[in-house]
Amino acid sequence: MYIEVTGTDIYGNDAYKELFKGIISDSGTAGSIEKVKMSMDPSTPLFIISVIMKSKPESKRMIDAVSIRTEGKDVHLTITDENYAPQITSALWRMYGRDKVEQQTRFDVKIENGDEDRISETEIASGDDAKQEVIGAMWRILPEGIKARYNISEGRIITIAATEEIMTQPLKDKAQKMHNEVKDNLSAQEAEENV
Amino acid sequence: MYEVLMYDGGIYRSNELLEMIEDVGGVVLQKTRSAQMFTVTMSIPGEDREAMERMCTSIGGMVRNVPLAGTEIAVIGPTLGRHHMPHPVCDIAEALREAGAITVVMGLARGRGKATSQISMEEMDIINEYDAAVFMLGNFKSCVEAKKHLFEKIKVPVILVSGPRPDGLDECCEAIVHGVGRRTERMRTPEDMKKLEEISESVEKVIKEKKMAIDEDPLFVHPAEIKQLLEEYEPLKECLRPAPIVMHLDGLRVKVSKKDNIENISEMNVYGKKLGEIAKISESRINDSSMLIRIMTRSEMEDSV
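Which chain is which? The protein sequence lines are Y and V, in order.
All residue numbers for the first sequence refer to my numbering, where the first residue is 29 and numbers rise by one.
All residue numbers for the second sequence refer to my numbering, where the first residue is 45 and numbers rise by one.
Simulated from the structure, these hints should not be mistaken for lab results.
In this text, all values refer to a predicted model and were calculated from it rather than measured experimentally.
Cβ atoms here follow ideal geometry from the backbone N, Cα and C, with glycine treated the same way.
Please note: incorrect hints may appear among the correct ones.
[To be verified] According to the in silico footprint, chain Y covers these stretches of chain V (three or more CB under 8 angstroms from chain Y): (1) 151-161; (2) 192-203; (3) 227-234.
[Stated by the list, open to error] In silico contact screen, one side only, chain V against chain Y (beta carbon under 8 angstroms); selected entries: (4) Asn109; (5) Gly182; (6) Phe184; (7) Lys185; (8) Ser186; (9) Cys187; (10) Gly207; (11) Pro208.
Work the whole structure out from these sequences, hints included.
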């Protein structure tokens, strides 16, 4: 993860770089972030964070996180991505009720009278959830008193601007400008990679 | 000359330790038991220190110097939000506890924000109940400087801890320690430990100055003597709160209701006088579950005669 910080307060810039690393790592979203650009201006105050995610967040279906087979009337699942284990079990409980879903081991689940196709196609995490996680972490990074916030989200890029004053159009324009710069750089980088 | 020490060890044979403190004419300032762990902060005559150390070692514990023993210090963050707690506020409080202080962690209701931060009169009154206050602010110099109104009217000594070194705040606080700002993890690295030591030393220096100021016009009795007296008071014996009696430099915090106990406590006999005559007893601004006893100085006593 590459982090670039610009701003008027040298100590604050370095400190916020470390804060970003710490909070993103705590939130478990570090793996989904490719690049970060932060502009810290405590005198206005206006703080802008622009994050490029590694891929456009997409929804996750059950089949992406389990291997599944039918034996007689029962369906057997083996969880292959344990990160989604809570979502998998809650989705199954919702669909069949707790008495029909038996978690035999940490990874193995048996569903009485289950439908393999229906289970496979069940959505366990939406793309929005991943994006919300990153936005939540970005909000946590921004100083607590800087309450007026403005979000821009486009494809893989999320930009958040925050100020303590009223979020006026010139401040929003600054955020949009940084968002566009990050977007242009990303497009140029993608074009280079394709060549 | 009395020395303040802390025994840190197990509960095993601790009654022998308590007996020895009594035998040498010492005083137990604080006694804390947590499961099998036992810590005792004591004040004993300097000439008995060696014997006391031998005793502590023989029962499997160790002895530490505790320069902040007998003080209660507030460590204050701008809010109790996850932006400011638990690190590094709790790490600082822990470092002060290791130096013998009783600490209280506080978050202001509206301490966040550069232009919107505020402190209420009630919050200031609560902070003024402690022996000193450590204010923990953030990473931006201009923000730290803009928040001086949070502590400039506090009457007790203030130690400011912030990321960058702020300018123009030397008159508003007794000490400034910079290099510790907002962070997400515990202060565990050698540099962090050094910073915590620096904060602890700054607090010690400030407390020492306050002690010297008190010595110029000494208290009528030492708070430890009132503590000994209060330890025999039944409602305090029954009090289940941790540290029901907390010593301050100029008095004590007693964790029972003033409304229900003021009559009994102010009637207690101290060297032929009533406690109510030699101390000002008031209710804590936190709530009525504790009261403050501020012992009058000798000159105040003379004036009152």
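To see whether the hints hold, each was checked on the structure:
Counting residues of the segment 151-161 of chain V whose beta carbon lies closer than 8 angstroms to any beta carbon of chain Y gives 6, which reaches the threshold of three, so the coverage claim holds. Note: the segment 192-203 of chain V has 0 residues with beta-carbon separation from chain Y under 8 angstroms; the three-residue rule is not met and the coverage is violated. Against chain Y, the segment 227-234 of chain V contributes 3 residues with a C-beta closer than 8 angstroms to a partner C-beta. That satisfies the three-residue criterion, and the hint holds. The interface hint given for V:Asn109 is broken, as the beta carbon of that residue sits about 33 angstroms from the closest beta carbon of chain Y, more than 8 angstroms.
Nearest Cβ of chain Y to the Cβ of V:Gly182: about 7 angstroms, under the 8 angstroms cut. The hint holds. With its C-beta approaching chain Y no nearer than about 4 angstroms, V:Phe184 sits inside the 8 angstroms limit, and its interface hint holds. About 6 angstroms separates the beta-carbon of V:Lys185 from the nearest beta-carbon of chain Y, less than 8 angstroms, and the hint is met. Interface hint status for V:Ser186: upheld, as the beta-carbon distance to the closest one in chain Y is roughly 5 angstroms, under 8 angstroms.
The closest approach between the C-beta of V:Cys187 and any C-beta of chain Y is roughly 5 angstroms, which is under the 8 angstroms cut-off, so the hint is satisfied. Checking V:Gly207 against chain Y by beta carbon gives a least distance of about 5 angstroms; that is within 8 angstroms, so the hint holds. A distance limit of 8 angstroms between C-beta atoms decides the matter here; for V:Pro208 the minimum to chain Y is near 4 angstroms, and the interface restraint holds.
Comparing the model with each earlier hint shows violations of hints 2 and 4; every other hint is respected.
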